[in-house]
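**Q** So the sequence lines, in the order shown, correspond to chains A and B.
Numbering-wise (this note's numbering), the first sequence opens with residue 1 and increments by one.
Numbering-wise (this note's numbering), the second sequence opens with residue 113 and increments by one.
Just so you know, the hints here were simulated from the structure itself, not pulled from any lab data.
Be careful, since some hints might not be right.
Unchecked claim - Here's a subset of chain B near chain A, in silico, CB distances under 7 Å, partners left out:
| # | residue |
| --- | --- |
| 1 | 153 |
| 2 | 154 |
| 3 | 155 |
| 4 | 157 |
| 5 | 218 |
Glycine included, every Cβ here is placed at the ideal spot set by N, Cα and C.
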Amino acid sequence: GEDVEQSLFLSVREGDSSVINCTYTDSSSTYLYWYKQEPGAGLQLLTYIFSNMDMKQDQRLTVLLNKKDKHLSLRIADTQTGDSAIYFCAESGSGGYNKLIFGAGTRLAVHP
Amino acid sequence: EAGVAQSPRYKIIEKRQSVAFWCNPISGHATLYWYQQILGQGPKLLIQFQNNGVVDDSQLPKDRFSAERLKGVDSTLKIQPAKLEDSAVYLCASNQDGSTDTQYFGPGTRLTVL
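Chain A extracted, bound-state conformation (with noise of 0.2 Å):
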């Protein structure tokens, strides 16, 4: 079946970079993506990746996928107390009409 797992929680300093872990199953994923989701609000698209690529940069974010293992990652450079929120994996699953399967979500607290 269909999963993806992300660890819970991650606590970085102002200025470090955060780097948020995922794992899926479906081999089958055309896409896989990264939302933000902040106190109140709907579900952000920050990133996302085809699944024939190993990597994708977009200024302070750096993706790594390694399909082998079924492993996805987002790094978040410099990171700011604004980067503070809970940051979703999903892989679209299989079939033709892109159903996002979505991780528990990493929630992401930067502190000074």
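With chain A fixed as given, assemble chain B onto it according to the hints.
**A** This is chain B only, laid out in the frame that chain A set:
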């Protein structure tokens, strides 16, 4: 460009009551999704519409949940009767054609069932 709109933002009801949520997707988006997000969990897809047709409702508890998108634009999700375990945030999302296109999420409706 206006985002996905949802209302109400918050709703408190007692168990066995009925409740309805409304979603207006981004203009021109053919595909609309309803997700349920229970506290501490990731969103789970309840139902997906392509225009006004249902393409996936495999995880919708059909004995109490119903959804419609009659004109292929806005949508309502109803729960009748509500149970305590229905307390969650109900998120609506849309995208242009339901393929690998990005899904855009609304702010959600937080439902509390007492």
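**Q** Tell me if residue 153 of chain B is really an interface residue toward chain A, meaning its C-beta lies closer than 7 Å to one of theirs.
**A** Hint holds; residue 153 of chain B Cβ to chain A Cβ min 5 Å, cut 7 Å.
**Q** Taking the closest Cβ pair, is residue 218 of chain B under 7 Å from chain A?
**A** At about 5 Å, which falls below the 7 Å cut-off, the nearest Cβ of chain A leaves the hint on residue 218 of chain B intact, so it holds.
**Q** With a cut-off of 7 Å, does the beta carbon of residue 154 of chain B approach a beta carbon of chain A closely enough for the hint to hold?
**A** Result: holds, 3 Å to nearest chain A Cβ.
**Q** Should the interface hint for residue 155 of chain B be scored as holding, given a Cβ-Cβ cut-off of 7 Å against chain A?
**A** 5 Å, holds
**Q** Holds or violated: is there a CB of chain A closer than 7 Å to the CB of residue 157 of chain B?
**A** 6 Å, holds
In summary, this structure violates none of the numbered hints.
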